[in-house]
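Visitor: Using the hints, put the two chains back together into the complex; each one sits in its own frame.
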Amino acid sequence: MNPLSSGLPPRSGLGLKTEHFREVLGAQPDIGFFEVHAENYMVAGGPFHHFLGLIREQYPLSLHGVGLSIGAEGPLDNQHLQRLAALIERYQPQSFSEHLAWSSHGPVFLNDLLPLAYDAPTLNRVCEHIDQVQSTLKRPMLLENPATYLAFQRSTIDEADFISEVIRRTGCGLLLDVNNIYVSCINHQRDPLAYIDALPLHAVGEIHLAGFAEDTDSLGDRLLIDDHGAPIDNAVWTLYRQVLERVGPIATLIERDNQLPAFSVLHAEARQADELLHCAGGRS
Amino acid sequence: MSTQAAFATALLDPQRPCPEGLFSANGADPASRFAVYRNNVQNSLINALADSYPVVSQLVGDEFFRAMAGLYVQRCPPQGPLINDYGKDFAEFIDRFEPAASVPYLADMARLERLRVQAYHAADAQPLRHEQIAAALSDPQALSELTVGFHPSLNLLTSAFAVISIWAAHQQDATLAGIELDHGQNALVLRNGLEVEVFAIDHGAGTFIQNLQNGQSLTQALETAPAFDLSQTLALLISHNVITHLHHNQVSP
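Order-wise, the sequence lines are chains A and B. Every letter in the first sequence is one number past the one before it in the UniProt record's numbering, and letter 276, counting from 1, is 276. Every letter in the second sequence is one number past the one before it in the UniProt record's numbering, and letter 201, counting from 1, is 201.
Don't read these hints as lab results, they were simulated from the structure. None of these values were measured; they are calculated from a predicted model. Please note that a few of the clues may not be correct.
[Stated by the list, open to error] Chain B side only, calculated, beta carbon under 7 Å to chain A, not exhaustive:
1. Leu11
2. Phe23
3. Ser32
4. Val41
5. Leu45
6. Gly80
7. Asn84
8. Ala122
All residues carry an ideal CB built from backbone N, CA and C; glycine is no exception.
Okay, chain B solo, but in the shape it has when bound (with noise of 0.2 Å):
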């Protein structure tokens, strides 16, 4: 094994000895001096775990949290250098995790907080001005076939639980008091501006929606979804400024 590859090993795994080779001017054991290094590797990961994920954290604890994410840096450390993005399967890591599982939305609530991460970082894109919208949708001939291109940071969760309800109460004084925990949400995630914002949508909402984002025609779109109020659910679309294309389909002759 050559020098960096028995280093990254021994970094990542604890139960391993200091690597050979190495020594302190002193005389001291480089085991001491090695544990700096193991500690940089191991903190640094988990802090930017627990920046990513700060409800998970809540949820379960601050020493919980970084036991749990301690074994996640060990078995999946970060695969290139943009730890903005690392953790992005930490969900299915808690999903396995029997030690989480009393808290059985703990999971969720990672997809949710990585689905705020990926909007804070997508793409910029200008909106449609509302006076465009406005217009586009003003001729109800050439609605039906009337596609809608979505902000790139715009996402959807489903989730069995009350995620949005739990996530909303952390943001406040973190009483779970009142919210039924397996009532289950859609959430919708995006980003008005600099900001991202969380909504609680109808079932048929996010249907419609994920069907405008497959590439469906409005009409398409609202066949399959479940009902759901159209007016509000385009307005809430318009209002957070995350509708940036409206695209009338040609029709083949």
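Bound conformation, chain A alone (with noise of 0.2 Å):
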């Protein structure tokens, strides 16, 4: 087993939404994990807090960052990384994972995940973010691929070279957003297994599977967006099948975070993938 996933179950888990607290709660679902972003808790006391701390005591936590900025040009924000030691150090989660992408430019915030030109100096500056999360956070973390709609010229490495290089010299392991991939693919005209096949699957600690909204370019050309706001595709469902194959049963995320359903729709959806992850346990 994978040393990085060994904190989350094997299982599926579902995103900790506010509408669902109380059901959680009270319903007690058979949930492999939840996972919430860390940004939602950095709040000083009231609700979400409360109701974390209760469903920590039941079921392990997964903390998802989306505005650490790693791929920012300038430094990493200090005091973010503060509130984040201080989130881990109250609910010790069994897992902590941000993004390749950046989301701040000096002070300004701009709440989405922005891509990055791989090259030589991206990739430096990156490690170092990486290196200075690891020791301040004093565990590994996993760092998600990302959904992206266009290429920077200036960009020398390929994608999935630039990930497997940073897990190379960072330490830090993989969370594959096997979404990401399908839209990430679509959207660049590559083709999902060559690319998941370059990428170091040994390093994978955490699936995530989710929906995408579909749009057409200047050509008419298929524009998959990563917008969390639909159920998992037929296709992202086959893409993970063969994920599993290449790296067994490891703890997935069914993320959806726009046009929310009922919590019976997305425990559906996590007995799906349930299914599946105790198939690939039967196999590995």
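Guide: Structure below.
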């Protein structure tokens, strides 16, 4: 078993939504783990901490950051890093993950996961930032592969090679977002399986599954948008099966942040992932 | 300008062209791809404001609200990654936003909704038990020098409009019929356990609570407050669990 995945069980998990706090506590559904966005819990007190504290007593927790801006040209926000350290100390999550992206420029926070030019200076900077995160938090983090909509002429390194090198240099793990892979590969005319096989799959510590929205670009070609607002697409389920054939059963999150359905709908998707994880466990 | 500086500037200003140096693998115009990021940034921040200011949005309608919030996003983008905090000065923006001038109570509604968000996330604090408060208040000698500590969620708002009545109407059928809109109100906002509550209180009661919050003793706080019902006000504060400390000031010899 991959040491980086040792924290979360090889089960499916759900994003914990405030709308579902009471239902989760009341019904205690059979869910492998819950994941929360770290920034939502960077508040002094009140219901968010009340419910997360109670739910954490009963479920493993994945803390997922969306605001650290690891790919930013400027330095990391040390105050934000300290807030993360405090949350980790308080809730002792089994996993902490962040994105290969940037979201802040100077003091301005743009609230989106923005794309990076893949070249040597970016690689050095991202590795330095991850080193700083891991030494401050005193634990390895998982880095999530991005969903992107365009590319930089400046890029000199293939995205999968870039991620492989970050993982080799920093010792961080990989949060393999299968929806992001599908979205990016359609948007950039890449072969998703070739992309997956170019990644360091030994480092996968968690998997994300989600739904996407569909648009078209100026040529009328499919442009997929990672909006976490729809059920998981069949193509992503297929790719997930192929991933599990390669990595075996690994904690898998069903992500849904928009157009939130009833808890039972998300639970059904989680059960579907659990069945595949169970099969993958039987095979390995 | 660095790559990310150019990207950030163009994300926030829809008038600017797509930054240089970008391409799409299929040869599509990169601007049609860049638009996805621009929409994500704009819409996610407008949605964050809509979540924090639901009644402001209802008062002006979704379309007007999103246009107004979009201008705010361009002029005042978040200065940090804590989106729960975003829009703290939205009320001041609304005050200066001419097209909203026909809804004169809109900015105060934003102030009230901001206080509700702050109260929701405010630090936890254990209220005094009712017996403890009763014991402290039973000694008339010590009463005059007593200072009161409130729950961190407690806040006050004075408005020249009937903001609380308007807010309450929007929790139900959203009709403003029967509300005297320019009848000023004083709001007391607090979190009682897990629930944020809003009360309309007398001007005198508001001044009294404000004085206590500034550290004045009960006697001092009463002296400068216009007439109000003291026992009713204390009963409100006690029954909604916002008194966390009672201190007897040491009188200097």
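Visitor: Give a verdict on every hint.
Guide: Hint check:
no.: 1; hint: Leu11; in the structure: holds, 6 Å
no.: 2; hint: Phe23; in the structure: holds, 6 Å
no.: 3; hint: Ser32; in the structure: holds, 4 Å
no.: 4; hint: Val41; in the structure: holds, 5 Å
no.: 5; hint: Leu45; in the structure: holds, 6 Å
no.: 6; hint: Gly80; in the structure: holds, 6 Å
no.: 7; hint: Asn84; in the structure: holds, 6 Å
no.: 8; hint: Ala122; in the structure: holds, 6 Å
No hint from the list above goes unmet by this structure.
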